[in-house]
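S.K.: The listed protein sequences derive, respectively, from chains W and Y.
Number 878 marks the last residue of the first sequence (this note's numbering); no jumps.
Number 1163 marks the last residue of the second sequence (this note's numbering); no jumps.
Derived from the structure by calculation, the hints contain no laboratory data.
Glycine residues also receive a C-beta, built at the ideal position from the N, C-alpha and C atoms.
Take these hints with a grain of salt, some might be off.
Some, not all, of what chain W presents toward chain Y, calculated at C-beta under 7 Å [claimed, not checked]: (1) Glu429; (2) Val430; (3) Gly839.
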Amino acid sequence: MTAVDRRVVAPAFVLFAILVAHSLLETARDALFLARLGPHLLAAAYVAMASAALLAIAAVRRWARLRDPRRVLIAFLAVAVAGTTAIAATIAASPSLAFVLYVWTGFIATLVVPSFWTAIDRSSAVGDAKRVFGAIGAGGVLGAMVGSAIAGVLGRLVPAHFLVTAGALAFALATVAAITLVPRTSIAEIPAKRAHVEGLSRKSRRYVRALLGFAIVSTFALTLGDLVFKRVIAERIDASELAVTFGVIYTGLNTIGLVIQLAVTPRLFARWGVGGALTVLPLILVASGFGFAMTGALVAVIALKLGDGGLRHSLHRVGSEILYVPVPSRVRDGGKLVADAIGQRGGQAIAALVVFATAALGATARDIAAIAAAGGVVWLVVLWFVRRAYVAQFRDTLQAGEIRRDVAIPSLDADAIALLSESVACPDEVEALAALDLLAHGSRIPPLVFFHPQPSVVRHALALLEGELPPETARVLSHLVEHADPKIRAAAIAASFRTGADRGRLANALADPHPEVRAAALVGLAGDGRRDIATAIDALALGSTAERLALAEAIGFAPTARFRRVLDDLLACGDAAVARQVLHVLARAPALAEPRRVLPFVADPQLRGDARRVFQALGRRGLEVLVGALDDPWTPLAVRRHLPRTISRLALPDAAKVLATRLPHESDGRTELKILRALGRLRADDPKLAIDPAPLLEYLRRAVRDAARYATFADAMRDERDGSPTVDLICEILVDKRRTAVERAFRTLGILHPRDGVRSAYDAFAIGDDARVGAAREILAAVAPSEIAGPLVAVVDDLTPDQRRARLGDFAPVAADRDALLAALLADPSESLRCVVAGYIAERKLVGLEPDLERMRTADGPSLVMRAFDQALESLHG
Amino acid sequence: MVDESPRVLRRVLALRTFDVLGTAELAELAMLAENMTEASFTAGSVIAPAGARLRALHFILDGEVATPRRERLGARRVFGVLDVFARRELSAPAIAVRDTRTFELQAADVKEILDENFGVLRALLQELARRVVGYALPATTWVGSLARPLGFVDRLTLLRRQPMYASATFDALAMLAHACEEVAFLPGTTIARPGDTANAVYTMVEGSIHARGDDGSIRVLGSGESVALFETLAAAPHSLTFEARTPVRALKQSSAAILDVIEDHTDLGLAMIGELARLLTESPA
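For reference, chain W alone in the conformation it holds in the complex:
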């Protein structure tokens, strides 16, 4: 027996034994209750059952300190043995003990069966659950059949109360089975960071409440449906034939249930996912319920019961159990028992109340069928929410183990400003500088900072001033014209021109030894139209780096159109420090910026940020230039590759549209990746940002095809390994290319579904443990188009080449032999791969591939690639 078989057979046998015991007791209870007390006490029995179960769960959790679900199960089974034995010993003594037996049977079932599933949930990741829960559940269905058969046989041989003794014996067997067979191991759960544990628990409890609602509404609808069936059969079948009819129907339904459990359930889960599979039963209920309500046709009721009997204890039960798998055990272990108890018994109790109420109003079976169908509609609605919550629960669980990425700089409210202002006033220079940066982020430089004792703080404040000096700042600065620090003096002079200070004194500043001060004075006096001033400004613009910097800074205090040419000249002077200062000025005064002159600076990593700030300030005017450059095939790659991120910084609605449209047609791989990142950032910052999904879906299909191609080729190339380092290199490239293509596919999905945890799913596949991968698959199944999800998982899964090819289907390319494989690799879009493969062909003297080498040596390709092909061709003949 394999490990997988054992994982199925052992728990299936435990459930089998539990259900044998339960069926024996159920038969005894029905017979004794109806015979001794009559049906009018049924509702009271249900209420007593639910109350007793809740009390028992609370008691076990509170006083017995049992939280390990396996121990809880064994404890409940032990209680079942003891209690059932006691009832068996006394049931003959008093008719009223039939009530106790009735409550006891339901009470024990309410505790034991959910405890069993809770224990199994602990040892199963979601992927396993989908595969094996159906088979485990089949053990239960079979147990119910066998238990009913045994009860039938025993019922003919001994009085009914001896069935209780048989039930006690069966529970004892189930207890031994549970002790020996229920797995002790728990799968490693996805760890949550300490800071996120409480948040995840809160979300999980909310999710469990949603599952409780799901359980109540589904039980309610199914109970009403069952009642309609029984009532119709009772109305239309002769009373003497009822027992036989029910016997045949239940045997048939159990058989159907067993077949569905074993053959259909796993396939439905694999194909439709949990949410899809769980819609089958309510759809049948709604269709058949409304069908009967409208027509009164018997076939509709039979269809209803077929759906109920065939799917309730198989597909529905197993699906409901799987819904609990994403819940962390610390919430699930306690919450599930309570939710199951309230859900099942509560749903039944509500259904019973509805029946009583409608009976009082004289409702017919068709009326009740309509109510059941309406309940089915509510069930579908609740299921829609639960499906979303199910995937969200996986996402939240994954994200609870990750760093927080969605962190924004806090906005500056009154308290924050007070805190920062206090820090700015602090004599500690470093703290004051840090606080200034934060205040500048909120465009709030306090004027009094210019009286700070540390000149470096005042200088930093000056550097952070945006645009023209505000009047209050200018007023403060104008008092500092005699300051010892030339930069501060320069700023003060610039301010003085705004506040109308003594021009004579300011004119004297033209003779100041420091270029900052002279530049400030020149810029201030430029408005007078004097030729000597203009000449002096031109001289500064052609001067040393310090003079150019001083001029750029001075213009920054009074950025007017008359300095446009000077700024252009300074920008073109080739000095990075000067260019940075000019870009600062242009970011503050975008009206002076000529976007095309700024564009080349996007290529420079030292100035890229400054250039981007200019484009941000330019807004739509900047976007037009950036888009034009992206579309222009002559734009240098060094610039082009940084355009997407620059465009995304603009955060204009058009930016996303431009980038998304461009994506499927981008010929440069690195630019393509940058577009993806830029779009990802835009959508992460604003998930509501409108985006056209069509080009993204087109790109997604291509990315998955690329991933499938590289995965298939990598599998094939491994067979060609012959000790050659070049083959190893080709394999390495293919693996790397596959990884990149997968990353692109996930990035695209993340852009399409920015809130669904696609990034977390990608990371989970990379980490590769069962729990994370299981969660990632569920997220992927929810967000990816169905034709994409399968192949994408086939690429990332650890599979044999044959398995992968089978699962990839037509996504897997075909290469008949080694030469065909190498020819296909030579035609790959990856230049690196083509170069290395060309080298390998030369190394192995594969002259048969010479025509392919000739053909693929594109005359307009990059020189490095052409050289690789030329060298390969030469070597082939050498």
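Fit chain Y to the supplied structure of chain W, relying on the hints for placement.
M.R.: Leaving out everything else, chain Y in the frame of chain W:
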């Protein structure tokens, strides 16, 4: 829901005062702040025992930490960068000399954080590179084909032999190989002078270069070795004069090209930081 803004703001303000984060963007600091926890250590308590791997970086807010390398780190210094990135067990315990408060950043989160914050990664890379300027990496002899000019595979092989790029993914290395420029210098050519800002690494294919210090000391660099690697990563000025003694062929990697590759492949940046940390931990204190 609790408003976390003041907490994040205070943390950002505190982080901004750290030298190493001086050039980081505020958004990066906010993310860093959100993923840290505050820790307190009384004077004399052990922050991390000897023989263990450090589980977190400690951004020291106040107090003082005695490190295993016998340094005393005070406020606004970061303890643990070298140990976390070099993945070494601590040779001695790290101890709080005075009552000390730190922001802890879990070692397991550092990669993810840097992956998300290129500005912080670059700052850290520059800081560590600055500290190893002047170190000599072991020579890696070049046994390539010496094709003229170098083919793509030759470039890959040459780059991969460099310790700083040894663990780069193929994609990152291929990107760098494409961005490289093959250059030649005649004998006597001065390649770099002291004081000039280093803006390119030259990995030698063939020839010989003299690296001459102010004190007249000379180190001979040959094929397979790299010129001005750390200075370029640190964006620091050259401290030596590099002069070709024979005809030299080299692969030039501009700092812009290297940074571009790291921006797209942060795994390369992290590997380089790890290598720099290893160099620093292996050096005498």
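S.K.: All hints, please: hold or fail.
M.R.: Evaluation of the provided hints:
The beta carbon of Glu429/W comes no nearer than 10 Å to any beta carbon in chain Y, farther than 7 Å, and the hint placing it at the interface is violated. At a threshold of 7 Å, the smallest CB-CB gap from Val430/W to chain Y is about 5 Å, leaving the interface hint in force. At a threshold of 7 Å, the smallest CB-CB gap from Gly839/W to chain Y is about 5 Å, leaving the interface hint in force.
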